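Asks: Listed below are the residues making up each chain.
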Amino acid sequence: MLLAASSIQVGSEQLDVSWFLLLGAALFVLGAIGVLIRRNPLVMLICIELMLNAVNLTLVAFSRQLNNREGQLFALMTMTVAAAEAVVGLAILVDIFRVRDLEDVDDLSELKG
Amino acid sequence: MGAATLVFWIATLVALAGGLGVVLFKEPIRNVLSLVLVMLSLAVLFLLLSAQFVFAVQVIVYAGAVMVLFLFVITLLGPVREQGTVRLPWQIFISAVVIAAFAGFLVAMLRGVSYRTPDAADPIFGSVQSIGVGLFTDYLFPFELTSILLLVAAVGAIYLSRGAR
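Protein chains in written order, with the numbering used here: chain A, 107 to 219; chain B, 311 to 475.
Hints were generated in silico from the structure; no laboratory data involved.
Hints may be right or wrong, so weigh each one.
To be verified - FRET-style restraints, in silico, Cβ to Cβ: (1) B:I468 with A:R206: 29 to 37 Å; (2) B:G466 with A:S118: 46 to 54 Å; (3) B:E337 with A:D201: 19 to 27 Å; (4) B:I339 with A:D201: 19 to 27 Å; (5) A:N173 with B:R472: 31 to 39 Å; (6) B:L381 with A:R206: 20 to 28 Å; (7) A:R206 with B:T427: 27 to 35 Å.
Claimed, not checked - DMTMM-like mimics (lysine to aspartate or glutamate), calculated; alpha carbons at most 20 Å apart, straight line: (8) B:K336 with A:E176; (9) B:K336 with A:D213; (10) B:K336 with A:D207; (11) B:K336 with A:D210.
Only a predicted model underlies this, so the values are computations on that prediction, with no experimental measurement involved.
Virtual Cβ for every residue (Gly too), placed ideally from N, Cα, C.
Throw the hints in and build the complete structure from the sequences for me.
Replies: Dropping the structure here:
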């Protein structure tokens, strides 16, 4: 077993919290890979959403393991922040695309000093 | 293998497949639909973790509203051509090194996790009642702050998309 095990009761069965944590880590790494190698700004935003979802899974898994509702409350806050981030990011993208056709985030590099 | 274990592994595999789809598909519409797949399978996992309210919010707000927003923007912008994945020399190599280091760091951190003894069992754990009591008593101030955050985001989005200036 890769991680310290801690089982939770689901119905009449036992599930291991550490699998949830590993899945969250795997999804977060996948999102990070996407941000690093993709060039389309829209896809990069989607990958950031994937990372935020992975963090939510970790928060809810720890919340269940500790019988503590704070993790779920914080997951709800994360969802709010993710929604706000998506709205503003997409508005900026639409505004840029109205002026020019963008194929790559590096096309926006002329603002650098 | 019982039903809950089976549901867990199916949801896990679907989530991982969706995550791979988010990274690998070339058309943005497929990326978004893969992300919807990930979100729905995570919603199933939330239900397994007895977080009913987070499950409902995930399905309605996230998979429903936020992803529809992404789909709207994709249909608005039309197909975006994406060049190959290499934009800098050594980029793939450097990305691989960074990702490997980061993944190793995450696993090392998770290996160091030692679980604290759980709090006393809560009969209404994860229900709307439990979350609502939390939001309106102990966490009232952060809850109100999120409403300001959403207002600022809405005003900002309207300002950015107001058209001719």
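Asks: Take the hints in turn and mark each one as holding or not.
Replies: Against the structure, the hints come out as follows:
Between I468 (chain B) and R206 (chain A) the CB atoms are about 22 Å apart, so this pair departs from the stated range of 29 to 37 Å. Under the hint 46 to 54 Å, the C-beta atoms of G466 (chain B) and S118 (chain A), about 49 Å apart, fit the expected range. Checked against the given bound of 19 to 27 Å, the beta carbons of E337 (chain B) and D201 (chain A), roughly 23 Å apart, stay inside it. The given range of 19 to 27 Å is respected by I339 (chain B) and D201 (chain A), whose C-beta atoms sit roughly 21 Å from each other.
Separation of N173 (chain A) from R472 (chain B) is about 48 Å and departs from the stated range, judged on CB atoms against 31 to 39 Å. Roughly 23 Å separates the CB atoms of L381 (chain B) and R206 (chain A), a value that falls within the hinted 20 to 28 Å. Checking the proposed 27 to 35 Å range against R206 (chain A) and T427 (chain B) shows it is violated: the Cβ atoms sit about 58 Å from each other. Between K336 (chain B) and E176 (chain A), the direct Cα distance comes to roughly 38 Å. Violation of the 20 Å bound is thereby established for this hinted pair.
Taking the CA atoms of K336 (chain B) and D213 (chain A), the gap is about 19 Å. The hint holds against a cut of 20 Å. Distance restraint check for K336 (chain B) and D207 (chain A): the Cα-Cα separation of roughly 18 Å lies within the 20 Å cut-off, and the hinted pair is therefore satisfied. Restraint check: the Cα-Cα separation between K336 (chain B) and D210 (chain A) comes to about 13 Å, which is no more than 20 Å; the hinted pair holds.
The structure is inconsistent with the numbered hints 1, 5, 7 and 8, although it conforms to all the rest.
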